[in-house]
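**Student:** Residue strings, one per chain:
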Amino acid sequence: MLTLHVNQKAHQVDAEPEMPLLWVLRDLLKQTGTKYGCGLGLCGACTILLDGKAIRSCVTPASAAIGKQITTIEGLHPEGKHPLQTAWQEHNVPQCGYCQPGQIMNAAGLLNAHPKPTTEQIRQQMAGNLCRCGTYPRIEKAILHASQRS
Amino acid sequence: MKNELQAHHEATRSESPATDAPPAEKAKGLTRRTFLKVGAGLVATGGLAVAIAYPKRYAILFSLMDYMENRQFDPRAFILIPTQGPIQLVCHRSEMGQGVRTSLPMILAEELDVPWEDIQVVQALADPRYGSQNTDGSKSVRDFYTLLRKAAAGTREVLTQAAAYRWKVPSSECLSKDGKIHHAPTQRTLTYGAVAQDASQLTLPKHPSLKDPKDFKIIGKPRKGIDIAAMVQGKAQYGADIDLPGLVYACATRAPVPGAKIKSFDDTAAKQVKGVLRVETIDALPAPVNSNASVCVVASNTWAAIQGQRALKIQWDTQGLKLDHSPAYRKELEQALEKADIVHRSEGDARRIEAESKRKIKRTYHTPYLVHATMEPLVSTAHVKKDGTCEIWAPCQDPIRAKKAIAKQLRLSEDKITFHITFLGGGFGRKSQPDFVLESVLLSQKIGLPVRLQWTREDEIKHGFYHAESLQSLSAALDEQGMPLSWHHRAVYPTLVNTLWAGNDSPMVFEMGMGALNMPYRIPHVLCEAGRTKTALHIGWFRSVCNIFHSYAVNSFVDELAHEARIDPIAYRLKLLGPPRQIPSNLETHASQDTARLAAVIQKTRDAFDWNKPLPKGHGKGFANHFSFYSYVALALEVRVQEGSVRVLRAVCTIDCGFAVNPDGVRAQIEGSIIFGLSAALYGKITTQDSVVQQSNFHDYPILRMHETPHIEIHILNGAPNDPTGVGEPGVPVVAPALASAIFDATGTRHRDLPLAEKLLSR
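So the protein lines, in turn, are chains Y and S. Just so we're aligned, residue 1 is where the first sequence starts under my numbering, counting upward by one. Just so we're aligned, residue 151 is where the second sequence starts under my numbering, counting upward by one.
Simulated from the structure, these hints should not be mistaken for lab results. C-beta: ideal position from N, C-alpha, C; glycine also. Be careful, since some hints might not be right.
Said to hold, decoys possible - Covered stretches of chain S, going by a simulated chain Y footprint (3 or more residues, C-beta under 8 Å):
| id | segment |
| --- | --- |
| 1 | 245 to 251 |
| 2 | 261 to 271 |
| 3 | 516 to 525 |
| 4 | 842 to 853 |
What the hints assert, rightly or not - Away from chain S, derived, C-beta distances all over 10 Å, residues of chain Y:
| id | residue |
| --- | --- |
| 5 | Met-1 |
| 6 | His-11 |
| 7 | Gln-12 |
| 8 | Thr-60 |
| 9 | Ala-64 |
| 10 | Lys-68 |
| 11 | Thr-72 |
| 12 | Ile-73 |
| 13 | Gly-80 |
| 14 | Pro-94 |
| 15 | Pro-101 |
| 16 | Asn-112 |
| 17 | Ala-113 |
| 18 | Gln-124 |
| 19 | Asn-129 |
| 20 | His-145 |
Unchecked claim - Here chain S is said to cover these stretches of chain Y; the calculated rule only asks that three of the stretch's residues, wherever they fall, bring their Cβ under 8 Å from a Cβ of chain S:
| id | segment |
| --- | --- |
| 21 | 45 to 59 |
| 22 | 136 to 144 |
Please take these sequences and the hints and turn them into a complete structure.
**Tutor:** The following block contains the structure:
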């Protein structure tokens, strides 16, 4: 049994320490907002925050999160109104929407580190998150917008 | 209210399992997330019976697919008006990012006269009454625009009649507005819900009066996606997000080559993985399912299933199979191109003109296999139940085709199968293939449990239904001004119809009709021929299909002709189009084209790009135009080439899609198409060795990232106000040729093989 703190709540999970957080969250805790995309940390669909830092949950073992705070898209804001979530809607960002929880969590990690990022910082930080629908121009605008407002 | 709704849903559900949802969302605010079981229209609360013929505008792709589709279209299935509470509008097509759950309800809401904020959208189950649910071909709006308008307008008319009857006033004195019927002289109003029951007794008008487009309040105005609130909170349910009591998780190792059999396998190590429950084999299914034989690991969670899958040791039997090897297949295509003699279009005598000409030009273009790489890998959840029914939850583009295949495989009648369509995390054609659904059904049948079969990214890349590799040659005899007297286009690529009926060895007419035989230029002598080839890989629909390579060859060749003639490539194109004319439709092959509309998107793009403005050193510009899915598109790109790499700086694109129902949705699709097209043009390449796909994940099958994305500017022309045409796909084919021409403009080197990034590096 491992104790994990997810979105401000402690959970006892029956997982092998090496099970990636992605599958702990999705299959054991039924928090399906975090998505599987590649399993190798290449696409960013599984991005969550660990103590406020964006990480790839598909390549992060559960053991690495012991004693730390995990934040998923479900816990980013109690009413789903984080400035990024609001900006995402204002810019009508999502197409299929599958990669967007990961995009938003990666952007949240960026804003934690750089509250007022430059366009160049946004483009570099977000380069790790793939979107096959091609919503990048809108993501870029939404992050800039959210950072200017917060 | 909720109870009444549910009671209604249960009541209608017993008549037929018509619709279900990804959760029905309120248009605004997302306050409730309910799984509404919605009946087939208004029979219980207000019946509809609009007699509307199904549209007969099948060309290019669809004469083929429609042959396979049901034609039980029933307009009553689309609108549900409960006595109280939000009006529910059914979306019968799959949402994969193209925005149908917004655009189709917009059409209904407009003619029904209900405020957008007051509706709920519910997702249809797979059901023949919706007509075609095969979500491909950029046809959701263009095929259903008028049908849905008539269905909603007819409903509005009977609701008005019912209110007038109740008030004992002439219906001409009654007006519908904001979900209510108003009688101005007596200042009375009734909600739609209050008269729906009475309206259901009335016969719907055959020819309801449609709104004048200038009175539209919803159609034609930019509208945000109805599901975005759910999406940004991680609440939208995709294929892998369905939970069921007793659900088990599975992964499969598939035969590396279609047709290969399991010789033997050792599952000792797999069974020792903690959480692994069982190991099962599944047989291959032939066309039209085309699934490979596989060994499945069933586990208590996905991670255990993946670990188990990796621990399997399997020997495959590939004896007697034709195996492809990319370099050898390229040679095969070269030989096939030389012998290409299946004539698809012939006017005049192009061969003789070319043979007799002193000035001629011939070029050959090659494009590789591509894979869809949807962000959501394939996944399907199935439960074959002991009571002889079957329930499926899958991100499926073509649920009717899958349902038919399931019925056949399980020997069940289709009414025993309930097929829920979840959100699709991208589709691009891959999820129209039923293989991944059938695998999950067969596995559930074998183990007697509800099972989610999850494909890994590697599975998705290695077991695709690929966009075909192609080789094409174009040749022309030129006059003194450098304009072509003849045009000879030869193409060879494996046909995608083998996924439906095996045994074909040359492109079909509808494939050649995607941009080859219907090229729009006015040239006196034209010959278009196809050659013969077969591949061991499965070939499938891929966003804009054969238009991609045809447009690449035709646009590149025109660019080369312009260069040869020392004429600006856009001026050359306009000259080659000649005076405006209609290229007539031939339903067997291609749609009719209005060259004036093509010229208009070309000119708009030229002017918006400021085409004649000189560029800095090292920069280049490239242009392409293409007609597909009934829409006209032109694209201009600016690039900078430096030290063996190219950066795309700017894209200016114009689309004439007849009429943009949701202009912001159109914009989003074109932005996405340019980025999708750049991924393919720069990086997309699937290769094989002994028919085994060599790529496996995003490190060796890269797609464009944010820092590589150009600034994109989009213009929309409404060239046919009553005739919205395709949007999801037509933006893709222009990208690769515009990029190749821009690189040529910057460097003086013409690349005729895709993808382009590796060509720049290898120089």
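**Student:** Check the structure against each numbered hint from earlier and tell me which ones fail, lowest number first.
**Tutor:** The structure breaks hints 2, 11, 12, 13, 14, 15, 18, 19 and 21; every other hint is satisfied.
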